[in-house]
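> Following the hints, complete the assembly by docking chain B onto the known chain A.
In order, the protein sequences belong to chains A and B.
Residues in the first sequence are numbered consecutively from 0, following numbering that gives the first Met the number 0.
Residues in the second sequence are numbered consecutively from 0, following numbering that gives the first Met the number 0.
Each hint should be verified, as a subset may be incorrect.
[What the hints assert, rightly or not] To give an idea of the chain B side of the interface with chain A (calculated C-beta under 7 Å), a few residues:
hint: 1; residue: Ile13
hint: 2; residue: Gln16
hint: 3; residue: Ala17
hint: 4; residue: Ser20
hint: 5; residue: Glu24
hint: 6; residue: Gly42
hint: 7; residue: Val43
hint: 8; residue: Val132
hint: 9; residue: Pro134
hint: 10; residue: Thr135
hint: 11; residue: Gly136
hint: 12; residue: Arg150
hint: 13; residue: Val160
hint: 14; residue: Phe161
[As the list claims (entries may be wrong)] DEER-style ranges, computed between Cβ atoms:
hint: 15; chain 1: A; residue 1: Val753; chain 2: B; residue 2: Pro98; range: 25 to 33 Å
hint: 16; chain 1: A; residue 1: Thr104; chain 2: B; residue 2: Gly162; range: 55 to 63 Å
hint: 17; chain 1: A; residue 1: Ala747; chain 2: B; residue 2: Glu145; range: 40 to 48 Å
hint: 18; chain 1: B; residue 1: Gln107; chain 2: A; residue 2: Pro614; range: 57 to 65 Å
hint: 19; chain 1: A; residue 1: Asp617; chain 2: B; residue 2: Gln107; range: 51 to 59 Å
In case anyone wonders, no lab produced these hints; they're calculated from the structure.
Since this is a predicted model, take the numbers as computed values, not measurements.
Cβ coordinates follow ideal geometry from the N, Cα and C atoms, glycine included.
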Amino acid sequence: MTADPRAADRRAVVPLDPAIAPPGSQGFRDAGGIPADKWHADQHGETLVPTHCCFCGVQCGMYLRVDRHGKVFGVEPRNHDINRMRLCPKGIHAYQQVNHPDRLTAPLMRRSRDEELREVSWDEALDFTVSEIRRIQRDHGRDAFGVLGGASLFSEKTYLVGKFARVALKTRHVDYNGRLCMVSAAGANKLAFNIDRAGNPFSDILLTDCLLLAGANVGECFPVLTQYVWGARDRGATLIVVDPRETAVARTADIHVALKSGTDSAFFNAVLNVVIEEGLTDEAYLAAHATGWEEVKATVAQYPPSRAAAICGIPAEQVVQVARAFARAPKAMAFHARGIEHHTQGVENCLSVINLCAATGHIGKPGAGYGTLTGQGNGQGGREHGQKADLLPGGRSILNEEHRRQICEIWGIEESELPTAGTSMMEMVWQMQRKEIRGLIGICNNPFVSLPNYAVVKEGYDTTEFHAQFDFFLSETAANAHVVFPVTVWAEDEGVMANAEARVVKHNKAQEPPLGVRTDTWVMCELARRLGAGDKFAFDRTRDVFDELRRASAGTIIDYSGITYERLEETGGISWPCPSTDHPGTPRLFEDGTTYHADGKIHLQVVEWHPPADPYDDDHPMTLTTGRTVAHFLSGNQTRRLGGLVEQTPRPWAEVHPSHGFRNGEPVRVVTRRGSEVFPALVTEAIRPDTVFIPYHWPVPTAANALTIDALDPRSKIPEYKVCACRIEHAGTVDEVPAPPVASGHVAYPETQVSRTDPLPPTAPQGRGTSERG
Amino acid sequence: MMGRTIFIDPGRCIGCQACVSACRECDSHRGKSMIHLDYTDEGVSVASLPTVCMHCEDPVAPCAEVCPADAILVTADGVVQEADATRCIGCANCVNACPFGVPKIDLQAKLQLKCNLCYDRTAYGLAPMCATVCPTGALFYGTVEELQAERPGVQVADTFVFGESEVRTGVAMVVPAERVQWPVPGGLPVVEINGKDVRR
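Okay, chain A solo, but in the shape it has when bound (with noise of 0.2 Å):
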C-alpha cells in the first residue's frame, strides 16, 4: 500500500491551525464555550468553572457547568488548545461522578475481615489506622508497612504520598498504579536520553510526514487525538500503525502492521536493519549525537525482514515498506502507548522506536521525534515527584547520595532517616504474599481488577493485616479493606496534572466536597499528624503543598519552579522543565542536539528480541492480549458507575477470529494457566487469527486479569499484560459482570443496572453500537 498520490500536492495547500502550538510558543486560546453570563446563566444562575477531564494522558479542556446553589451539574466543552472543544464519550460523563449517588460521604471500617465494613466517625477511621500502623511497624519493622498511591491524583498528592511514606511512615515501599501503565517508556527514555518524557507536544503530529503509532489504540484510548492524526493525514502525512488489532485507527492506516503480540522488537530491529541496508541511515546525526551506533548496527544485522516475518507472523515485504516510508519522510514521529510497554521487555521495546527515530535523525524537530501515550491522566505528573518506588521529587535518585541530601534539606530531616529504595508495586503484592508487608495504605487505586494474576493479588491483599485504601466510590479493592476514607473527587480541589506532552494543566475547584468528605491532602497530613511527624506536613490547602514541591524540584530536570498557579490559569498549561517564572517551558525537547545525557548524547541501547514469558503449547497455542474500551477508563471504579457509558459498553468480551467456528455472541472460554473465563464471543476480521482480546475493565469473574500473567520487565517492573498463552473452547453460559461494590445500606445505582445483565456481545469493539439494535 502507498501513500495517496494526491499527498504532495494536498501538503503544499493545506494552512496549519494557528490555533494549535506548543504551550508557551505562542498565544494561548481559550475563547470557546459559553461564556457564564450567557444563556443559561441567564436562566438558571449557572457558571462554568474551566478545568480539565479527569480521565486519560491527554487531559482536554473542558467547563464544569456549576448550578447557582453549587452543584455540579454538566459538562460544557471548552476550547482549550490541547483539545479545541472535543471530548470522548467519558469527558463527557465525567462530571456524572461529583454528585453520584454511589459516593462515599463517611469513613468505613471493621477490625477484621468477617465483619461488615460500617459506617464510622473521621476520629474512629483515623485513630485506628494509626495504631495498626504503629503496632505493624513496633512489632515488624517500619518497612512492614507500605502505601501505593495513583496516578490520578494531582501532582501535588502524589507528592504527598512519596513524603508521607517517607517522612511519616519511614517506610521504604511507596510504589504506584503507574507502574502498571508507562513505565517501560519512562525506563526507556531515561537510558536513552536521561529525561522521563515525550520529546514533542501532541501539536508536532500536525507537522509531521509520517506517522507511526505502535502498540497505540488511539481510536479507544486517546480518541481526541485522532483530530491530531487525521490533521496529519489531510496534510498527506502517511500512517502507519502496528498493532494486532484492525483498530479504528489502523483502518485508515496506509500501512496496517498486524504483528503477532509480544514480537514487537524483533519488528522494529528489522525495520532498522532496511534502514541500513538502503542507506536511509542520517549518519551525520548519529555520530553527532549519539554513542553505542555501532552495536546497534551489529545487532540489528542480525534481524532481516525474513526473521521479524517468521517472529512477527507478517509478510516480509511490510519491514520494507514501514522501513522507506519512516526514513525517507522529511519529518517522521513515533508514538507508543501499553501495547509495546506492557512486556517483559517492554523497555527494550521502546528502545528499538528510540533507535528507529535516532539512525533517522527524527528527533528534536518540528514534526520529528517520539512520544509515550499516558493511559492515566496524571500518568506523566504521578511519577516526578517521589511516588515511585526508587525516586524522590524531581526525579531525583533515592540511591543517590548527592539527592538524598537535596531532599533532606528540603523535608527537615536527617538522611539517615530516609528509606532507601522499595519495591514494585507487583513485588509488593508479593511481598504481602509472603508476610514482609503486613500493613498498607492504597490511595486512589483499584488492584484487585488492575493488576494481573488475580488470585495472586486477592491472596496478596487478604493476607495483610491491616489495609486501609482513599476512595471516593467503593471499589473492589476498598471492600477488602479494614478502613476506607471518603475522599474528594478531581473536581472538589484545585492541582495540576502533567499531560502525556508533559504540559502541565491546572484544575480548578467547581463545588465543595458532599459533607463527611476530605481531600486525599487532608487525610494524608492529619495521619501524618497523628503520627507525629505534623510539623513536616503543615499543608492547610493543595495549593501550599505545590510550593513545597516547587522548592523540592528546582534546579532537577524535572523542575516546576518557575510554574505557578497563576501562569498555568494564564497560559494554558506549561511544559517543563521550567527553571524561572519568565521561562516559557520546554514544549520540544532536543532542539539544539543535546540530550540530559551528561555527553549530550543520545545513549542508544543494543534490543535484542526474546519470546514472552508464558510459553505456549499444544494446551495454550494461542495470545491473550488485553486493552481498553473507549466508554471505560482503568480498573473501571469510575466508569462502571456511569449510566451512559454502562449503556455504551456493559461487559466485556472475548473478540476472535471467525476461522475459530464461533458465532456472534456464542459463550466462549478463554483458559489460560491462571484460570478460566467465559465471555460473549466478537467474531471479526479485524484480529489476528491466533490472537484473543479481552478489554480489562471489570471484576472477576469477567476480569482479564484473572488470566493475564504477573512477570515483569526486569528494568521497569511493568506486567506482561499484553501476551500469555491461552486456549479457547466452547461453553454454556456467559459469566455475569458483578455490579459495582456500594457502601452497606446504599442501593446498587438503578442507571447502571438494566444493560450490566445483558449477556450478549458487543456490536463491535469499540462498544456496543447503538442502543436500537433488534
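Quick look at chain B alone, frame taken from chain A:
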C-alpha cells in the same frame, strides 16, 4: 439551503459514541440521544458512522410531508424541527416516512423526538453538541467552504437515491474523492460522472 450545517465524514469515525453521549447531554433532549451510531460491516471491520437527522429539504422533509397533524415545522434556515409537542399525536408516520430511520417515538408520551440541530445552541452561534465534541471531526459543523479549507480536496454529497426516489438533504456526507461526486449544499456545480449528470 442552510449556510452552516453538519457534514458527516465516515472515514474519520472511530465509533467512540462521543456524539451519542453529547446528544444525551445537550439541552434539547436532555437525557436522550437522537443519534444512531451504526457499524457498517460488523464482523469484518470496525468501520462505523453516526446518523444524525439529515434535515431533508427537497421537496420538503418526508417526515414533515406525511405528518397528519402538521406538527413538524421546517424553519427558514432549513432546520427540520422536532414535532411540536402541542400538536404531535404520536402516530409514527414520520418514523415510517424517514428514509434514514431517524425520528423516534416516545410511546408513553405519544410524542415524536428527533434531532433539531441543537437549535438552542446554533441560535447562539454555537455548533450542535455532537459536532462540537466529536473527537475526530467525523461530525463537522460549518459551511462547505470552511470544511474544504480545513480538509482540501474533500468532496461531499447532499443527494441520496432510494430506488426511484431522490432526497436532497441539508446535512451532507463526505464521500471518497475519487468516487461519485454529488452536488453539495451551498450550490457547488453539479458534477457529471461518465458523461451523465448524476442528479438525473
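> Which numbered hints turn out to be false for this structure?
13 and 14
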